[in-house]
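**Student:** Chain by chain, the residues run as shown.
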Amino acid sequence: MANLSITTVCNKKCVYCFAYDATDDRGKSHMSITTYSKALEYLERSGINQVRLMGGEPTLHPQFISFLKMALDRNFDLMVFTNGLMPIKVLDFLESINHGRISILLNMIHPDEGNPNGVLKQKDVISRLGHLVVPGINIYSKQFDLDYIVDYFHEFELQKEIRLGIAHPMLSRNNVFLHPKDYSYIGEKIIELKKKMVAIGVNIGFDCGFVPCMFPIESFELLKEELKKTGNCCLPLIDFLSDGTIISCYPLNNLLKIEMDDQMSSTELVKRFEIELELFKDVGIYPHCSTCPLFKTRCNGGCMAFRIQRFMH
Amino acid sequence: MKSNYEKFKVPDSILFTVELRGVAIINKKSMRKYVVIYPEAALWLVMVEGHTWEKTVELLTAITGKSEKETKNWIHRCINKWRQSHIIE
Numbered sequence: 001m002a003n004l005s006i007t008t009v010c011n012k013k014c015v016y017c018f019a020y021d022a023t024d025d026r027g028k029s030h031m032s033i034t035t036y037s038k039a040l041e042y043l044e045r046s047g048i049n050q051v052r053l054m055g056g057e058p059t060l061h062p063q064f065i066s067f068l069k070m071a072l073d074r075n076f077d078l079m080v081f082t083n084g085l086m087p088i089k090v091l092d093f094l095e096s097i098n099h100g101r102i103s104i105l106l107n108m109i110h111p112d113e114g115n116p117n118g119v120l121k122q123k124d125v126i127s128r129l130g131h132l133v134v135p136g137i138n139i140y141s142k143q144f145d146l147d148y149i150v151d152y153f154h155e156f157e158l159q160k161e162i163r164l165g166i167a168h169p170m171l172s173r174n175n176v177f178l179h180p181k182d183y184s185y186i187g188e189k190i191i192e193l194k195k196k197m198v199a200i201g202v203n204i205g206f207d208c209g210f211v212p213c214m215f216p217i218e219s220f221e222l223l224k225e226e227l228k229k230t231g232n233c234c235l236p237l238i239d240f241l242s243d244g245t246i247i248s249c250y251p252l253n254n255l256l257k258i259e260m261d262d263q264m265s266s267t268e269l270v271k272r273f274e275i276e277l278e279l280f281k282d283v284g285i286y287p288h289c290s291t292c293p294l295f296k297t298r299c300n301g302g303c304m305a306f307r308i309q310r311f312m313h
Numbered sequence: 314m315k316s317n318y319e320k321f322k323v324p325d326s327i328l329f330t331v332e333l334r335g336v337a338i339i340n341k342k343s344m345r346k347y348v349v350i351y352p353e354a355a356l357w358l359v360m361v362e363g364h365t366w367e368k369t370v371e372l373l374t375a376i377t378g379k380s381e382k383e384t385k386n387w388i389h390r391c392i393n394k395w396r397q398s399h400i401i402e
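Protein chains in written order, with the working numbering: chain A, 1 to 313; chain B, 314 to 402.
One chain only, chain A, in its complex shape (with noise of 0.2 Å):
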C-alpha cells in the first residue's frame, strides 16, 4: 500500500489534521506530473495496483482530473480520500465517469462542527457519488459522537462500509490527538455502532492505530472481522509527498525523509523505515504492553508515534 499526497492545499482546517506539515500554508505545492509519473511507476515496479489519492484536499490538485485518467489508463485501482469540498468540475467529472474502479474515501464532518455548508456540500457529494462513497470518521476526542452516520446510510446509497479512523499525534507539532487512556472509552462507542451498522448491513474497516485491548473481551466475537486486522497494521506505509520526497506516515514525517529513486521498491523502503524504527518496536502505547500476551502476536503495541512519543530524555 502507498499513499500519494499530491497537494499541500486544503480547504478545511481540522484540528487533529496529521497532516499537516505536508499542507502547511507556508509553503503550498503541487506534485508536479513528473513526480506523479515517477511515483506510479514505483507503485507498478512494486505490484501494487492501487493509487491512493490524498492531500491536502487532492481535488484542488489543478491536474486532478488529468492524473485520474493517468492511473485509470494503466489500469491502477483508485482510491480517492477527500474532504468532498470539491471542484465542481471534479465532481461532474466523477459523476460522468461513474467507474467501478474509483472509489471515494469521504472524510465527513460532523453535524455538530459548525461548517453546516460543509455538510450541505457532502451531501451534495453524496447525492452525486453515493455508490462510489465510503463514509471516513476521524475520531479525535473522547467525547465524539458517531451516531450521525447512521442516519447518511438510510438517506443515501453508499457503499455498505464505513471507515473509522483514530487521530494520531504528530511527532513535529501539536496536533489534536485522541489519548490512548480514552481508547477504551470509543471502544465502547464503536460497539454500539457496531450493532448498528450490522442492522444495516453495513461493514466497519478500523484504520491504523486501534488495538484489541481498547474493546472489552466479550465483543471480540461481534469485531471479529475488524479485529482480525486490529494492533498490526502499524508497519512503515509508503506516502509520497508532493515535492516527491518519501515519508513512512504522516505522523513520523520529521523522523526520516527519503527522496525519491527511479529504482526503489516498496520492499526496500519498508526496511529501511523499519530499520529507524526498529529501536521504537519493544515498547507499546501503553506501559503495560510490553508483558502484555498479545503484544507481538497479535498487537504490535498502537500507533508508532504516539510510542515514540513516549520516550523522553
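The set of hints was computed from the structure by calculation and includes no laboratory data.
Note that beta-carbon positions come from the ideal geometry of N, C-alpha and C, so glycine has one too.
Heads up, some of the hints might be wrong.
What the hints assert, rightly or not - Each computed EDC-like pair below joins lysine to aspartate or glutamate, with the alpha-carbon atoms no more than 16 Å apart: (1) K346(B) with D112(A); (2) K341(B) with E274(A); (3) K142(A) with D112(A); (4) K341(B) with E276(A); (5) K341(B) with D282(A); (6) K342(B) with E278(A); (7) K346(B) with D282(A); (8) K342(B) with E276(A).
Stated by the list, open to error - On the chain A side, residues computed to face chain B include the following (Cβ under 10 Å): (9) E218; (10) E221; (11) L223; (12) P287; (13) H288; (14) C289; (15) S290; (16) T291; (17) I308; (18) R310.
Keeping the supplied structure of chain A fixed, place chain B upon it in accordance with the hints.
**Tutor:** What follows is chain B alone, placed relative to chain A:
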C-alpha cells in the same frame, strides 16, 4: 561513591520510557536497546530526576529494604554497570 554518583550524565543519544516491567532505554547512537528492571529502574528514575546523593540513598534504602551501606554499594555497582553499557557517562 558520592563523587561517582554526582558525576553521572545521561548522554543526549539516550531516550527512555517507564514501563510496567522497568525502564526501556534506547541509545540512538549505537541503535541498542536496554531494559532496566526494578529495583534498578527505581534508581534510574530517581537519578534522572536529579536528586542529591543523600536523598537518592535515602529513597533507595526505603525502596529496596537494604541497609544504607548495602544500598550505597548497590548504587555504586549499578552506576558502574550502566557506564560500561554507555547508557550514562
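**Student:** Take the hints in turn and mark each one as holding or not.
**Tutor:** We went through each hint and held it up to the structure:
| no. | hint | result |
| --- | --- | --- |
| 1 | K346(B) with D112(A) | violated (46 Å) |
| 2 | K341(B) with E274(A) | holds (14 Å) |
| 3 | K142(A) with D112(A) | holds (15 Å) |
| 4 | K341(B) with E276(A) | holds (10 Å) |
| 5 | K341(B) with D282(A) | holds (14 Å) |
| 6 | K342(B) with E278(A) | holds (13 Å) |
| 7 | K346(B) with D282(A) | holds (9 Å) |
| 8 | K342(B) with E276(A) | holds (12 Å) |
| 9 | E218 | violated (24 Å) |
| 10 | E221 | violated (28 Å) |
| 11 | L223 | violated (26 Å) |
| 12 | P287 | holds (5 Å) |
| 13 | H288 | holds (4 Å) |
| 14 | C289 | holds (8 Å) |
| 15 | S290 | holds (5 Å) |
| 16 | T291 | holds (5 Å) |
| 17 | I308 | holds (9 Å) |
| 18 | R310 | holds (4 Å) |
Against the hints set out earlier in the document, violations occur for numbers 1, 9, 10 and 11.
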